[in-house]
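Peer 1: Residue strings, one per chain:
Protein chains: 2
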Amino acid sequence: MKYFITGGAGFIGSNMADRLLAEPENEVVVYDNFSTGRREFLEDALKNPRFTLVEGDTLDLDAMTKAMAGCEFVFHFAANADVRMGCEHPSKDLQQNTIATFNVLEAMRANDIKRIGFSSTGSVYGEAEVIPTPEDAPFPIQTSLYGASKLAGEGLLAAYAEGFGYTAYIFRFVSILGERYTHGHVFDFCKKLKDDPTKLYVLGNGHQRKSYLYVKDCMEAILTVIRNAKEKVNIYNLGTDEYCEVNDSIGWISEKLGVNPELSYAGGERGWIGDNPFIYLDTKKVRSLGWEPKATIADGVKKTVEYLQANPWVFEARD
Amino acid sequence: MKYFITGGAGFIGSNMADRLLAEPENEVVVYDNFSTGRREFLEDALKNPRFTLVEGDTLDLDAMTKAMAGCEFVFHFAANADVRMGCEHPSKDLQQNTIATFNVLEAMRANDIKRIGFSSTGSVYGEAEVIPTPEDAPFPIQTSLYGASKLAGEGLLAAYAEGFGYTAYIFRFVSILGERYTHGHVFDFCKKLKDDPTKLYVLGNGHQRKSYLYVKDCMEAILTVIRNAKEKVNIYNLGTDEYCEVNDSIGWISEKLGVNPELSYAGGERGWIGDNPFIYLDTKKVRSLGWEPKATIADGVKKTVEYLQANPWVFEARD
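Residue numbers (our numbering), protein chains in the order written: chain L, 37 to 355; chain P, 37 to 355.
No wet-lab data here; the hints were simulated from the structure.
Check before you lean on any hint, since a few could be wrong.
Pairs count within a copy or across copies, as identical chains cannot be separated in the list.
[Claimed, not checked] Listed next, the in silico DSSO-like pairs over lysine-lysine satisfying Cα-Cα at most 30 Å (straight line):
{"id": "1", "residue 1": "LYS268", "residue 2": "LYS339"}
{"id": "2", "residue 1": "LYS102", "residue 2": "LYS339"}
{"id": "3", "residue 1": "LYS292", "residue 2": "LYS128"}
{"id": "4", "residue 1": "LYS102", "residue 2": "LYS128"}
{"id": "5", "residue 1": "LYS320", "residue 2": "LYS230"}
{"id": "6", "residue 1": "LYS321", "residue 2": "LYS150"}
{"id": "7", "residue 1": "LYS292", "residue 2": "LYS330"}
{"id": "8", "residue 1": "LYS235", "residue 2": "LYS83"}
{"id": "9", "residue 1": "LYS150", "residue 2": "LYS228"}
{"id": "10", "residue 1": "LYS150", "residue 2": "LYS128"}
{"id": "11", "residue 1": "LYS268", "residue 2": "LYS230"}
{"id": "12", "residue 1": "LYS235", "residue 2": "LYS268"}
{"id": "13", "residue 1": "LYS268", "residue 2": "LYS252"}
{"id": "14", "residue 1": "LYS330", "residue 2": "LYS102"}
{"id": "15", "residue 1": "LYS227", "residue 2": "LYS320"}
Construct the complete structure from the given sequences, taking the supplied hints into account.
Peer 2: Below you can see the structure in the form of structure tokens.
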């Protein structure tokens, strides 16, 4: 099978590229504009004759349509993942998430490709009333431009499935971490502690609960779904049955780094406007397909810290 | 209060303009590109010194921002309402519904306007599992590009409410009919029967059930909500407790026109791809604010036929 991966030089995308290339029958085309993706993440893939890298933007429909030629399955992972900054540049989510997703679907149509996997988010549940939150939770009210733009993307996939005979696989992620993780709490804390191991300033009150899934477990979950789910539109929460508090993760990070910082808190239940104090997804549906995570949250945080320690270059700004 | 109405020369928009102008304390600015709006609908409004018409497109952010200056409340009714043709030009819903809604929100931000009423649709429920469908029905799967684009608009309003302190009033309409109604079943049937009163070809099997709300009842419902609802994001189904079959409406239309056409059917449960065989909304929430419809569906259909008979010019193509 020949796969096309938008955002394939990013955290999720490059892990998927490697995972697919591990199966000798697969070919992979990565399409990435390197706005946040890193060429280093594709170091192994680039040595593989079954791998092709195309540098391009999802907003460039013509280039993406050309790059997609001959592919059979599209993973659309490219996105503005800068969730917290939505209000500072509201057009970014519209452009890079909603319009880009439309372009991916149109490029597929031009190439007669009918299967797509899409990285959505647990943020589409807004502040869920039902926790753990199942896929058919009550119709949510959006609380962030990021969530709204991902929901818009989900809607487009579903409408194309109905109107053009696509099969859509929509993954509502909790926070993912692990090798190549380059944004979010654990990254920020490691970066701050690298600069100054004696103190740590925490957004919110530290009691924000988070459910993290380890990236390699996430990859297996995605493959389980695209190989077993049978609907036109297949929507799956991807997460784990555990959760931790931000404070727990600070403990694991500090232990791993061998530091003991003095903590101070911004206060409040939310780390930022539109932050959700608790995203905890019901994952019965994906488990019913036979998948289960192998790593605990503590494992995942520790593997992430190990990766960041071994790869300090990821902390360096590139501009 | 000074109101800004996008799509104010359309069916819903022009009815709202007249309704607001009937209250002497209101001023109204209508913004419309006349792609489907009709200058004739504003005949009365144009005589009113409290009324201003600005011809412009919602995709022209600068022009819309200028036109909105000094307004205090925005009704965003401009949309691609050509629900059935989504698959023939999929970018139309994205542009005219999703991106246009983003522009409206941005124009408001530039003018420091914080209250917005938005015409969404019962189509956002996809093929609802719960009927009558309440606002907090299970998280739906989209079945049309139109529904998906309106859901994207809802998400944007909600995210702006959370992020920028807007108050959003989101109306999920069933089919609306009445004076100035110019698309949908009743319009199409009247047009066909005007051309040839002896026969009528019906999309689907005629058993598609529809719940129509009379436009003047719809206007009162909207005003009831914006004057009484108290949340940041106020989502209200607007519909009636009745429904009819397409065949019933054909009976009322034929009776009113004094014709007896031979009926033939395309067959199938759906009139077109993405058509929903039954949109029937639970309207307890809006009724709890004290509103109730005055017209029955039969009344609404008959008033519509009367309007179309008295205004045959609405059938004329304008291109």
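Peer 1: The structure should be examined with respect to each hint, and the outcome stated for every one.
Peer 2: We went through each hint and held it up to the structure:
In this homomeric assembly, LYS268 and LYS339 never come within 30 Å of each other (Cα to Cα): the closest approach is 36 Å inside a single copy and 41 Å across copies. Within a single copy, LYS102 and LYS339 get their C-alpha atoms no closer than 38 Å, and across copies no closer than 53 Å, so neither meets the 30 Å cut-off. Taking the closest pair of Cα atoms, LYS292 and LYS128 never come within 30 Å of each other, the shortest separation being 36 Å inside a single copy and 53 Å across copies. Within a single copy, LYS102 and LYS128 get their C-alpha atoms as close as 24 Å, and across copies as close as 23 Å, so both meet the 30 Å cut-off.
Taking identical chains as interchangeable, the C-alpha atoms of LYS320 and LYS230 are never at most 30 Å apart, the minima being 38 Å within one chain and 56 Å between chains. Taking the closest pair of Cα atoms, LYS321 and LYS150 come within 30 Å of each other only inside a single copy of the chain (23 Å); across copies the shortest separation is 40 Å, beyond that limit. Proximity of LYS292 to LYS330 under the C-alpha cut-off of 30 Å is restricted to the intra-copy arrangement: shortest distance 20 Å within a copy versus 69 Å between copies. Within a single copy, LYS235 and LYS83 get their C-alpha atoms no closer than 42 Å, and across copies no closer than 69 Å, so neither meets the 30 Å cut-off.
In this homomeric assembly, LYS150 and LYS228 never come within 30 Å of each other (Cα to Cα): the closest approach is 44 Å inside a single copy and 38 Å across copies. For the homomeric pair LYS150 and LYS128, the shortest alpha-carbon distances inside one copy (27 Å) and between copies (21 Å) are both at most 30 Å. When the C-alpha separation of LYS268 and LYS230 is checked against a cutoff of 30 Å, the pair qualifies neither within a copy, at 47 Å, nor between copies, at 41 Å. Taking the closest pair of Cα atoms, LYS235 and LYS268 never come within 30 Å of each other, the shortest separation being 50 Å inside a single copy and 38 Å across copies.
Taking the shortest alpha-carbon separations for LYS268 and LYS252, only the intra-copy value of 26 Å comes in at or below 30 Å, while the best inter-copy value is 39 Å. In this homomeric assembly, LYS330 and LYS102 never come within 30 Å of each other (Cα to Cα): the closest approach is 38 Å inside a single copy and 57 Å across copies. Taking the shortest Cα distances, LYS227 and LYS320 never come within 30 Å of each other, neither inside one copy (35 Å) nor across copies (52 Å).
The structure shown violates the earlier hints numbered 1, 2, 3, 5, 8, 9, 11, 12, 14 and 15.
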